[in-house]
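Please work from the sequences and hints to get the whole structure.
At position 161 of the sequence shown (counting the first as 1) the number is 160 in numbering that gives the first Met the number 0, and the numbers step up by one without a gap.
Quick caveat, the hints were computed from the structure, so don't treat them as lab data.
Treat the hints with care, as some may be off.
Claimed, not checked - Once the Cα atoms are required to be at most 30 angstroms apart in a straight line, the calculated DSSO-like pairs of lysine-lysine come out as:
id, residue 1, residue 2
1, LYS84, LYS56
2, LYS33, LYS84
3, LYS84, LYS173
4, LYS79, LYS92
5, LYS92, LYS56
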Amino acid sequence: MVTEQEVYGLTLPLVASSVLDKLEKTAVWLNRVKTSPFDLYQFFLRQPDSSVEWYLKLFTFLPLAEVERVMEQQRQEPGKRAANKPLAAEVTKLVHDNEGKRCTNARYHSNLQALEQMRDAELQEVFRDAPFHELLLEPGTTILDACRRAEDIPRGPKVYRMVSEGAVWINHSKTDSPEQTPRPKIKGHTVVRMKLRLAQS
Numbered sequence: 000m001v002t003e004q005e006v007y008g009l010t011l012p013l014v015a016s017s018v019l020d021k022l023e024k025t026a027v028w029l030n031r032v033k034t035s036p037f038d039l040y041q042f043f044l045r046q047p048d049s050s051v052e053w054y055l056k057l058f059t060f061l062p063l064a065e066v067e068r069v070m071e072q073q074r075q076e077p078g079k080r081a082a083n084k085p086l087a088a089e090v091t092k093l094v095h096d097n098e099g100k101r102c103t104n105a106r107y108h109s110n111l112q113a114l115e116q117m118r119d120a121e122l123q124e125v126f127r128d129a130p131f132h133e134l135l136l137e138p139g140t141t142i143l144d145a146c147r148r149a150e151d152i153p154r155g156p157k158v159y160r161m162v163s164e165g166a167v168w169i170n171h172s173k174t175d176s177p178e179q180t181p182r183p184k185i186k187g188h189t190v191v192r193m194k195l196r197l198a199q200s
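In structure tokens:
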């Protein structure tokens with residue numbers, strides 16, 4: 000039925016990759032069950048330079064002057080991802096607040112403060128694809144005891160030497176004392192990292 004009233008619509012161009020391929024509908028989801036805040040942040044952090052500027056203008060509310068500034072930094076020092084980081088942060092913040100950035104800082108940047116702020120569900124989400132073991136730290140349990148009880152860690156004198164040489168990190172702090180007793184700092188958790196291994200108790 001024609002009402003002769005003015006109506007308005009909003010259209011957006013097709014979102015495409017840097018090679019003009021249509022971005023798949025299932026590449027990322029806003030539903031955290033299908034795409035976690037951490038994975039959403041990582042998705043945009045990994046976007047190629049050729050797509051970043053377009054995505055910044057399309058998916059964020061950053062002023063154009065700020066977009067130009069970070070893109071110039073990106074062109075001068077591509078390895079620092081000066082444009083990818085605000086892209087990932089802004090998109091994730093719009094969808095999930097600051098959770099994705101916090102999870103990334105906890106996992107990749109040895110940020111103890113970020114770990115302390117995370118809920119149990121976030122900790123499990125961030126480290127879900129990393130080998131881990133849950134151990135009950137009874138009174139008097141030392142770093143050496145915990146490492147020996149965890150699976151996939153060398154047994155015998157080698158583990159003592161590895162701890163002494165600084166191969167073990169406790170709550171993102173390097174330790175070289177096998178007889179040290181770890182103390183939970185992260186909501187009752189102690190995160191022990193050995194080389195690329197993680198142990199959570």
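Taken at face value, is the distance from the CA of LYS84 to the CA of LYS33 at most 30 angstroms? holds, 22 angstroms
Does the alpha-carbon distance linking LYS79 and LYS92 stay inside the 30 angstroms limit? holds, 21 angstroms
Restraint check for LYS84 with LYS173, where alpha carbons must lie at most 30 angstroms apart: holds, 27 angstroms
Is it true that the CA of LYS92 sits at most 30 angstroms from the CA of LYS56? Answer holds: LYS92 to LYS56 is near 16 angstroms, not above 30 angstroms.
Tell me if the straight-line CA distance from LYS84 to LYS56 falls inside 30 angstroms. This hinted pair holds, its Cα atoms lying about 14 angstroms apart.
Consistency with the previously given hints is maintained throughout, with no hint failing.
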